[in-house]
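Colleague: Sequence:
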Amino acid sequence: MAMKTPGFASRAPEHRRNADADWDRWPVDAYLDENYRRLHPSDAAVIRHHAGVYRELAPASIARSVECGTGPNLYPLMQAAAASRRIDAVEPGASNIAYLTRQLRYGPDPHWTAFYDLCRALDPALPARLREALARVRVVPGSARTLPDGAYGLASMNFVAESVTEDLGEFAALCRAFVRSVRPGGLLVAAFMENMPSYRIASGLRWPACPVDAETVRDVFAPYTQRLRVTRVPKDPTLPEYGDTGMVLLRAVRRAVAVEPRLSPGGAGTAPRTAT
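Here the UniProt record's numbering is used: the first residue of the sequence shown is 1, the next is one more, and so on.
One should not assume that every hint holds.
Below, in silico cross-link-like pairs of lysine to any residue (SDA-like), each with a Cα-Cα straight-line distance of 20 Å or less [claimed, not checked]:
#, residue 1, residue 2
1, 235, 36
2, 235, 198
3, 235, 246
4, 235, 45
5, 235, 44
6, 235, 245
7, 235, 197
8, 235, 31
9, 235, 37
10, 235, 39
11, 235, 49
12, 235, 199
13, 235, 213
14, 235, 195
15, 235, 201
16, 235, 48
17, 235, 33
18, 235, 35
19, 235, 215
20, 235, 38
21, 235, 34
22, 235, 32
23, 235, 40
24, 235, 214
25, 235, 41
If you are wondering where the hints come from, they were derived from the structure by calculation, not from laboratory data.
Since the structure is predicted, the reported quantities are computational estimates derived from the model, not experimental observations.
Using the sequences and the hints given, assemble the complete structure.
Modeller: As structure tokens, then:
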């Protein structure tokens, strides 16, 4: 459901924005029950995609990487552990921060072992033990909006920007903040739910989401990145019915200078121009 509104203008005010939801009340246990107590085919698809990025990097070649909006999902943190000497898990929600802190302090829940086994099978440079991989992680309270510009060599974001707002303009702004978190030439890897409307976890609160597809993601990232690759993954029938149609996966490199599309005089096609 690509939205082609020039400039990705915000939708009507009745659409819920990120600040309208109480992220401190995120239902960690119910979310894990529905999505991560076992390794789903969709998880395996994301892990394989991201492993293709990490395998290209020399061990410990990234001084600092960031996981933007970590939530309670540990496998993106696992995957960064071979290339990254330090991994910042940036997360705004109190319940998610508490879960991450417990996992790092006392050791990961047993169900994460299957995820790590796949991660390590795809990237043998990862440490032998999951707990050793997670020792590189630091929990950092914050969000995409608080990420320092150009501080990281690699940034990862999984099921965040499209799952925290109903406003397409805010989705685009969060994606731009994600891009800016890496230095020019820095690596970006991400996963998005495709066409997912606002949703509930179990029978709890309704959380805001912004339906996007591969074209939307490409349009948002193209002006700010190069070597952009966007891949669609079909819907996973083993997951709960959230109304999505699958996933969109991304890898890219931040441009040194952003470019923005400009309509040609005839109104068809675009010509790039340097962003100001």
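Colleague: Take the hints in turn and mark each one as holding or not.
Modeller: Going through the hints against the structure:
For the hint pairing residue 235 with residue 36, the CA-to-CA distance comes to about 16 Å; that is within 20 Å, so the pair holds. The straight-line distance between the Cα atoms of residue 235 and residue 198 is roughly 17 Å, inside the 20 Å bound, and the hint therefore holds. Between residue 235 and residue 246 the alpha-carbon distance is near 4 Å, which keeps this suggested pair within the 20 Å criterion. Distance check on the hinted pair: residue 235 and residue 45 sit about 11 Å apart at the alpha-carbon level, within 20 Å; holds.
With a C-alpha separation of about 13 Å, the suggested pair residue 235 and residue 44 falls inside the 20 Å cut-off, and the hint holds. A distance of roughly 5 Å separates the Cα atoms of residue 235 and residue 245; the hinted pair therefore holds under the 20 Å criterion. The suggested pairing of residue 235 with residue 197 holds, with an alpha-carbon distance near 14 Å, which does not exceed 20 Å. A hinted pair counts as satisfied when its Cα atoms are at most 20 Å apart, and residue 235 with residue 31 qualifies at roughly 18 Å.
With a CA separation close to 19 Å, the supplied pair residue 235 and residue 37 stays within the 20 Å bound. Restraint check for residue 235 and residue 39: satisfied, since their Cα atoms lie roughly 15 Å apart, inside the 20 Å limit. The suggested pairing of residue 235 with residue 49 holds, with an alpha-carbon distance near 16 Å, which does not exceed 20 Å. For the hint pairing residue 235 with residue 199, the CA-to-CA distance comes to about 16 Å; that is within 20 Å, so the pair holds.
For the hint linking residue 235 to residue 213, the alpha-carbon distance of about 12 Å falls within 20 Å, and the restraint holds. Between residue 235 and residue 195, the direct Cα distance comes to roughly 10 Å. Compliance with the 20 Å bound is thereby established for this hinted pair. Taking the CA atoms of residue 235 and residue 201, the gap is about 18 Å. The hint holds against a cut of 20 Å. Restraint check for residue 235 and residue 48: the C-alpha separation of about 16 Å stays at or below 20 Å, so the hint holds.
Distance restraint check for residue 235 and residue 33: the Cα-Cα separation of roughly 19 Å lies within the 20 Å cut-off, and the hinted pair is therefore satisfied. Note on residue 235 and residue 35: the hinted pairing holds, with a Cα-Cα distance of about 14 Å set against a maximum of 20 Å. The straight-line distance between the Cα atoms of residue 235 and residue 215 is roughly 17 Å, inside the 20 Å bound, and the hint therefore holds. The hinted pair formed by residue 235 and residue 38 meets the criterion: a straight-line CA distance of about 17 Å does not exceed 20 Å.
For a cut-off of 20 Å, the pair hint linking residue 235 to residue 34 stands: about 15 Å separates their Cα positions. With a C-alpha separation of about 19 Å, the suggested pairing of residue 235 with residue 32 holds against the 20 Å cut-off. Pair hint residue 235 plus residue 40 holds up; C-alpha atoms about 11 Å apart against a cutoff of 20 Å. For the proposed pair residue 235 and residue 214, the alpha carbon gap of about 14 Å is at most 20 Å, so the pair holds.
Between residue 235 and residue 41, the direct Cα distance comes to roughly 10 Å. Compliance with the 20 Å bound is thereby established for this hinted pair.
Of the numbered hints stated above, none is contradicted by the structure.
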